[in-house]
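2 protein chains.
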Amino acid sequence: MTDDAVAQPTPDRTNRTDDAAAEPTHAEPTPATEPTATEPSPASPLRIRVVGAVAAGTTAATKARRNAPDADIVLYERDKDISYVGCGIPYFVGGEFEDVTTLRPRGPEWFAEKYRITVRTRHEVVSADANTRTLTVRDLETSEESTDTWDVLLLATGASPVIPPIDGVGTPGVFPVRSIQDAVAIDAWIDERAPRTAVVVGSGFIGLEMAEQLAHRGLAVSIVEMLPQVMPAALDADMAEPVAEELRRHGVELHLGRTVEAVEGDDAATAILVDGGERLPADLVIMSVGVRPNVALAKQLGVALGPTGAIAVDTRMRTSVPGILATGDVVENLSVLTGEPIWRPLGSTANKTGRVAGDVATGGDAEHRGVLGTGILRVFDLGVAHTGLTEAEARKQGYDVVTHTDTKPTRAGYLGGKKVTIKAVADRATGRILGAQVVGPEGVDKRVDVLATAITFGATAEDLIHLDLAYAPPFSTAKDPIHFVGMVLAAKIAKAREG
Amino acid sequence: MTDDAVAQPTPDRTNRTDDAAAEPTHAEPTPATEPTATEPSPASPLRIRVVGAVAAGTTAATKARRNAPDADIVLYERDKDISYVGCGIPYFVGGEFEDVTTLRPRGPEWFAEKYRITVRTRHEVVSADANTRTLTVRDLETSEESTDTWDVLLLATGASPVIPPIDGVGTPGVFPVRSIQDAVAIDAWIDERAPRTAVVVGSGFIGLEMAEQLAHRGLAVSIVEMLPQVMPAALDADMAEPVAEELRRHGVELHLGRTVEAVEGDDAATAILVDGGERLPADLVIMSVGVRPNVALAKQLGVALGPTGAIAVDTRMRTSVPGILATGDVVENLSVLTGEPIWRPLGSTANKTGRVAGDVATGGDAEHRGVLGTGILRVFDLGVAHTGLTEAEARKQGYDVVTHTDTKPTRAGYLGGKKVTIKAVADRATGRILGAQVVGPEGVDKRVDVLATAITFGATAEDLIHLDLAYAPPFSTAKDPIHFVGMVLAAKIAKAREG
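Going down the list, the protein sequences come from chains A and B. Residue 333 in the numbering used here sits at position 111 of the first sequence; the count goes up by one each step and never skips. Residue 447 in the numbering used here sits at position 225 of the second sequence; the count goes up by one each step and never skips.
A few of these clues could be false.
If chains are identical, the list can't say which one is meant, so a pair holds when it fits in one copy or spans any two.
As the list claims (entries may be wrong) - Below, simulated DSBU-like cross-link-like pairs (lysine-lysine); rule was C-alpha separation at most 35 Å, straight line:
(1) 521 to 618
(2) 618 to 717
(3) 302 to 521
(4) 641 to 630
(5) 630 to 302
(6) 640 to 630
(7) 641 to 336
(8) 630 to 717
(9) 717 to 336
(10) 641 to 302
(11) 640 to 302
(12) 717 to 640
Source of the hints: derived by calculation from the structure; they are not laboratory data.
Next up, chain A with everything else stripped away, as it sits in the complex (with noise of 0.2 Å):
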């Protein structure tokens, strides 16, 4: 299937990353009446047909299956993998587990016993007509080609990485973080060619997850990243500076503010070049700029795209089109803060909007609530995490900002307890937390998940204050960071009214 939404200029990552700024090629979407599927006729079973099969289209597929017994539901996937776990290959690649089927524990035989479920894999769907409501589908092994008919049809497409246009991206040894095929190649690759330094490009999420694993493997590593400073999709620069001191402290190399020009060698990657003439030794190159949404089906059938580039839905995963669902890394959701649409392809979110797709497709009323786009990871001894808007999104979003980053043990010190910073953002005018960042070696996902629970509900920096968390001295302290956080924002903008 080609692609040919715009790619993102922001360097990110595979899977969990920024708006793509692909252009709206549509007009807003007209919301799509409820499918013809909520009133099949008894004497046919209803046609679910899925595009797709990772992680929305399967659990699309389940929850179909588990609200429509009788219901034909057939998946057609173009890899040979299914249901995988993306979010696993940089431990793969690093060595913390051995066997790549891990990372994809189910395969179309347990759907079929399972839940009755038919996944084609390899089989590409070429085109689609809406009005006729036919598939056209090639077996990527035989290159034969069938049609096939929907009652419904859920597109979960996801989302590819972008390559940039440079000289020599196709060099071999320059890989992208997506398929569980790129997480094989780039482990064979380390073992036959024996790699010693390793470039990798963009320094979001799938960026430094490689450039920790790639370090554990024995690699000498070195990030560059066109903008100032690591994440920027997902911290604002000062909480960015910890992350960037424990990379640095690990040995990778950052070229922040610094653009890939070419990558050079000749039958292997041996050098990125970057702008200003430096040339970085690259052995292996991990691309990871970004991902963009896998659109062309979509667009050839009408579907309407949203001002993010990606597939615009309602809160039930109903296009523009009816009859058609849309799900996962393709579609674009709403944000819970602000209402608007916004793109952050997340394995998590898939799940959510997968379950809703499939209980939409057969009748069913779930809807999904958007995202705050929470996010975390791990690099080397750090958590790094933050949920809804940075300050520098806040304040592009127009919001009064008043901010506290506060520095607090996570537990009893005389335990062993470590310290963890958040920041916290807030909008002056509500008191409404709008946004968190949180960076230290333990209970990041904890002070994350609360405080994106908190903002779920609307929650202001004084209602942070009366939270009723589990003390005792192995897992907290009496006063947790959250609270203190709270207290000081609290203050601030209550001094912030005041003045």
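Assemble chain B onto chain A, guided by the hints.
Only chain B this time, still in chain A's reference frame:
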């Protein structure tokens, strides 16, 4: 200070425990009018007197100082230690750290220097008169008495361990676990007497923490619990089972549903006699059957107690007597869930109510929003936590309860993820989550804090499904255990409504 509240019958733990079953000795409290403190004469600084200088008393005093630079603030504490971390005592006894002063990081000098607050230790307030606003204070070193007056009196007299009136309870080698002196005395007893066996009476939080730590220190430990399960105040019987297993797995003998009849031994404890005539060897006995609020002074002042036997306060920590506030373990709080008074003396709550009292004492308008009674402890390799109501409590309160218990991985199995069990209790009528219990080797604190946060905002089972929690393989799974619990519980509620 003697204390005549009736002891709580349910065995439980010091400082973080269930309602005391004290009989109310006063009528419903009349909300106090604003203390005169709010409008001090500029000529004479506001006189704030605080009785008790552990968590709530010191927090209140420092908050008052920050609000009122000129106030005259004096704390009286009958103990010699102040501002200590009682929850850390088990870990000192167990040898996880060596220096007991770690638990009392700040002495009177610190408060004098940093906050210009006078703390008089070993000074007991032996009587008080609300009409003349006069205190009589005894210096416990010299036995000299003096008087003092207040504009605002703050009662932070805390709670004391219940010592059941059984034969031999005064035998050397029998210890409560509350003060730094208790910690030092137990530690010295172990060093000097080299006890080989210990019996812990009561299986609440402190009891189990002590059992764990005494076992770490090499003693053979038995627990006697009056009720047929461990942690009866915090866990339903089904969730107590894995905790009991963990204790047994580490060699702790459990005697559930048994009562202690006597402590045997002449100059030192040698055994515990339980009902039925069984004799448990006990060179050391820990009495951790619960605590009761220290309300003698409050009663003398005519301050109304609430239905739990602790001091009744409004959300601003005002008692029934104008000019007298109360805070910390000696007060009852409203349940966030039911709006009814409950007594859950916890260090985390003491910090919150101390801050409110200090603010209100100096004319501020802070309010306490009540408690869920969230608690957590470590038992060997397990974390055990609860928030809100147990199933048993919810049924007792009259809720039509729907529950779900689910065991799911905390994070990716291929990175060493383990399994956590969550039991969630919901109200069928509204779908609201009423409480949760969490048990597992990791990730327990995170899940209980997210659930406590969600419950605070009135979350339903359906709301849990939509939480945008942070996902990356080292920290979680794409669908968090909280999402799974929410999904099944929401489905059960929907089904229960249909049925």
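Against the structure, the hints come out as follows:
{"no.": "1", "hint": "521 to 618", "in the structure": "within (30 Å within a copy, 58 Å between copies)"}
{"no.": "2", "hint": "618 to 717", "in the structure": "within (23 Å within a copy, 45 Å between copies)"}
{"no.": "3", "hint": "302 to 521", "in the structure": "within (24 Å within a copy, 77 Å between copies)"}
{"no.": "4", "hint": "641 to 630", "in the structure": "both (5 Å within a copy, 29 Å between copies)"}
{"no.": "5", "hint": "630 to 302", "in the structure": "between (48 Å within a copy, 28 Å between copies)"}
{"no.": "6", "hint": "640 to 630", "in the structure": "both (8 Å within a copy, 27 Å between copies)"}
{"no.": "7", "hint": "641 to 336", "in the structure": "between (46 Å within a copy, 23 Å between copies)"}
{"no.": "8", "hint": "630 to 717", "in the structure": "within (23 Å within a copy, 45 Å between copies)"}
{"no.": "9", "hint": "717 to 336", "in the structure": "between (60 Å within a copy, 23 Å between copies)"}
{"no.": "10", "hint": "641 to 302", "in the structure": "between (44 Å within a copy, 31 Å between copies)"}
{"no.": "11", "hint": "640 to 302", "in the structure": "between (44 Å within a copy, 30 Å between copies)"}
{"no.": "12", "hint": "717 to 640", "in the structure": "within (31 Å within a copy, 45 Å between copies)"}
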